[in-house]
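Going down the list, the sequences are from chains A and B. Going by the numbering used here, the final residue of the first sequence carries number 415, and the count climbs one at a time with no gaps. Going by the numbering used here, the final residue of the second sequence carries number 415, and the count climbs one at a time with no gaps.
Calculated from the structure, these hints are not laboratory results. You can take every hint at face value.
For chains that are exact copies, the list does not tell them apart, and a pair is met inside one copy or across any two.
With a Cα cut of at most 20 Å, we get these calculated SDA-like pairs of lysine to any residue:
1. K247 <-> D349
2. K305 <-> Q253
3. K185 <-> A150
4. K305 <-> R251
5. K305 <-> D252
6. K305 <-> A324
7. K95 <-> L376
8. K247 <-> R348
9. K185 <-> H330
10. K97 <-> E380
11. K247 <-> A345
12. K97 <-> G394
There are 2 protein chains.
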Amino acid sequence: MSAHPPENHCAARHLPLPSPFRLTAGGTLIGAEAGVEIYGALNTRRDNAVLLFTGLSASAHAAAHPNDSSPGWWEHMIGKDKGLDLDQLCVICVNSLGSCFGSTGPASIDPATGVKYGATFPELRVEDIASAGQAAVRALGITQLYAVIGASLGGMTALAHAVLFPGAAKRLVTISGALNASTSAIATRSLQREIVGTALRQGGDPASVTNAMRFARKVGVLSYVGGELLSKRFGRDQTEPSAGRLSGTQFEVEHWLDHLADKFAAQFDPWAYWYLSRAMDLFDFSVHGKTPEQTLHDTGTAHLSQAVAKLRLEHCLVIGVHEDTLFPLAQQRDIATALRGAGIATTLVELHSPYGHDAFLTETELFTPLLRDFLKLTGAPTTRAASATTRTSPGPTSSP
Amino acid sequence: MSAHPPENHCAARHLPLPSPFRLTAGGTLIGAEAGVEIYGALNTRRDNAVLLFTGLSASAHAAAHPNDSSPGWWEHMIGKDKGLDLDQLCVICVNSLGSCFGSTGPASIDPATGVKYGATFPELRVEDIASAGQAAVRALGITQLYAVIGASLGGMTALAHAVLFPGAAKRLVTISGALNASTSAIATRSLQREIVGTALRQGGDPASVTNAMRFARKVGVLSYVGGELLSKRFGRDQTEPSAGRLSGTQFEVEHWLDHLADKFAAQFDPWAYWYLSRAMDLFDFSVHGKTPEQTLHDTGTAHLSQAVAKLRLEHCLVIGVHEDTLFPLAQQRDIATALRGAGIATTLVELHSPYGHDAFLTETELFTPLLRDFLKLTGAPTTRAASATTRTSPGPTSSP
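Sequences are here, hints too, so could you generate the full structure?
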């Protein structure tokens with residue numbers, strides 16, 4: 016029935032995309048691939064596949080599996096009896112097109128030149144990431160998805176998927192996503208791109224680029240987590256008294272930032288970062304409601320209601336976090352309002368968490384029941400309350 | 016009576032500091048100066064002098080005057096019938112020691128070498144800025160201050176002044192200041208210093224240093240203003256459609272950031288920025304409560320109550336802004352609680368303003384009555400309410 020059925024166990028795969036793969040802004044990719052990891056198995060009715068889109072920096076490795084026992088980015092959320100219960104669901108996590116962990120992106124070799132794309136990679140949009148994910152699902156022989164899930168950039172991608180492929184999935188979960196990037200998110204990411212892009216264009220000296228990636232990551236981290244969390248965790252703790260006049264790191268919070276920045280700079284491709292970041296800023300769900308004579312990326316009047324009218328979703332779960340300043344709660348309410356405006360049964364859950372935008376990565380106890388209940392295969396989701404639900408994290412309990 | 020009486024009109028002055036000028040962390044400066052600007056005149060009782068400390072990036076030019084008609088950084092707050100009413104007060108604004116607008120700092124020539132101090136400038140503390148300000152006041156022949164005022168770094172400096180020179184002033188106004196830097200403020204500033212310091216140490220190529228200063232300023236601006244303000248002002252406005260694949264600035268908010276960053280990089284000395292930023296992170300008011308056998312900058316147990324017991328202030332006004340994430344409201348409450356704990360009559364005012372940390376620079380209508388009432392020369396301040404007062408800005412009304 017399918018040329019590439021999901022294996023009956025977790026597996027990492029490289030799936031070919033249609034070639035040429037045409038991009039929203041006009042470019043094409045030849046021989047492109049999507050890196051995916053598959054958790055769990057399709058059931059006999061083949062109605063339990065869940066497509067999982069990631070945030071900007073994540074790979075498709077969402078959880079450990081026999082072929083890769085390292086913890087995944089959503090390790091505590093995927094598995095038997097977890098938020099994404101593998102007794103019920105087959106989860107397909109896809110590395111974003113444009114990223115650098117198995118999917119084609121600026122770090123890939125351009126077959127036309129034999130060298131890395133780098134800055135010659137064609138302009139990328141969130142819609143392209145959604146299309147590549149859908150193509151990967153088709154390559155696996157899956158014709159109907161049960162749900163599409165995504166957080167952060169993944170939330171944007173899940174929304175793009177819903178409007179590009181109406182009816183392809185029945186349910187949608189968006190966590191700390193957005194119909195479009197907020198002004199301060201654009202400001203923050205444009206600064207990150209400027210830092211990285213400047214180093215890349217100035218000859219691309221490896222040490223300078225690494226530093227630029229480190230700086231950009233620190234800007235990002237400071238936009239993800241709340242000040243209260245940093246204060247509780249690190250306070251004004253210092254590793255040593257003020258010894259040197261120009262001593263560099265000294266406060267514990269500086270060491271923590273260094274650790275995160277070093278890790279990121281070592282594993283993420285700078286141009287991939289640039290392209291994905293830019294795609295986030297340019298994403299605007301409402302352009303999908305424009306009339307045919309308007310170009311898709313004309314930035315004039317938006318047409319949100321017409322865009323959302325295209326959706327063919329049965330149930331949606333929208334989760335936001337009060338303390339998230341990058342994808343603020345108001346944007347989650349906007350998503351829920353738009354979906355409800357189109358008559359889609361939508362649950363909005365408003366969480367409190369000192370982790371801010373990163374809450375979905377750490378607040379396992381808050382997210383697990385929400386996802387498990389919403390994704391039950393039989394009947395309507397039990398979290399389908401009409402009004403917003405507010406739940407609160409007990410706060411950080413361990414050091415990072 | 017005085018060798019250097021304030022002029023009977025506004026004037027910019029360079030005042031010699033005691034030489035050698037001994038710094039808190041052990042260094043000394045030879046032939047150092049303080050740049051000050053003086054607004055209004057001492058009255059016959061010589062009891063109306065107000066010492067004004069600035070934020071990190073400001074000069075002593077707080078308002079226009081006959082010799083310099085360019086608008087000052089607190090133009091709308093200083094003058095006849097304004098928040099600092101020059102019919103009553105003589106305002107002495109001092110450029111911070113370590114800055115680059117008339118006071119000795121890393122951009123000054125080291126008399127021992129004949130070249131700029133740069134990275135050889137001795138370690139600077141907020142206490143040194145306070146001491147230089149007090150020395151400038153003494154050089155003007157003023158023996159008793161009516162009030163000391165400061166916002167942001169200036170608020171820290173005003174607190175340092177109060178504990179280093181008990182009784183030197185009767186009243187204290189601190190606006191968006193802090194007893195010590197918050198963890199996220201340390202994280203933000205350490206990143207800014209790392210960006211600038213890396214460029215400076217890598218040979219100090221001017222273009223790289225300028226870019227680094229631009230990046231650091233953008234990090235700063237994003238920590239000053241709230242996302243709501245940016246959203247209302249700029250939204251997702253774009254100056255042009257997405258033309259080039261790697262087009263740089265495109266959203267209006269990016270142009271705005273560029274403008275602010277260019278302006279800052281053109282006028283501020285990179286090492287001065289580095290030193291002042293570092294001083295802010297290291298400031299901890301409570302170390303002044305340590306017993307003699309403890310070193311001043313031992314970072315162990317704090318002694319806030321002993322420190323505040325040293326103060327000889329009659330009235331204090333503490334102003335904070337709910338939307339300020341860099342010097343959060345909790346820190347303003349901490350200041351007020353500490354002052355009240357020492358029996359000092361203290362008014363805490365909690366403002367709402369979308370301008371966040373920058374509110375004191377723009378919210379003239381909110382701040383004017385607060386300052387004018389508190390600084391009346393006769394009688395107790397009329398804003399001396401025991402409980403917190405909350406006032407709200409009508410929001411931004413004009414473009415930047």
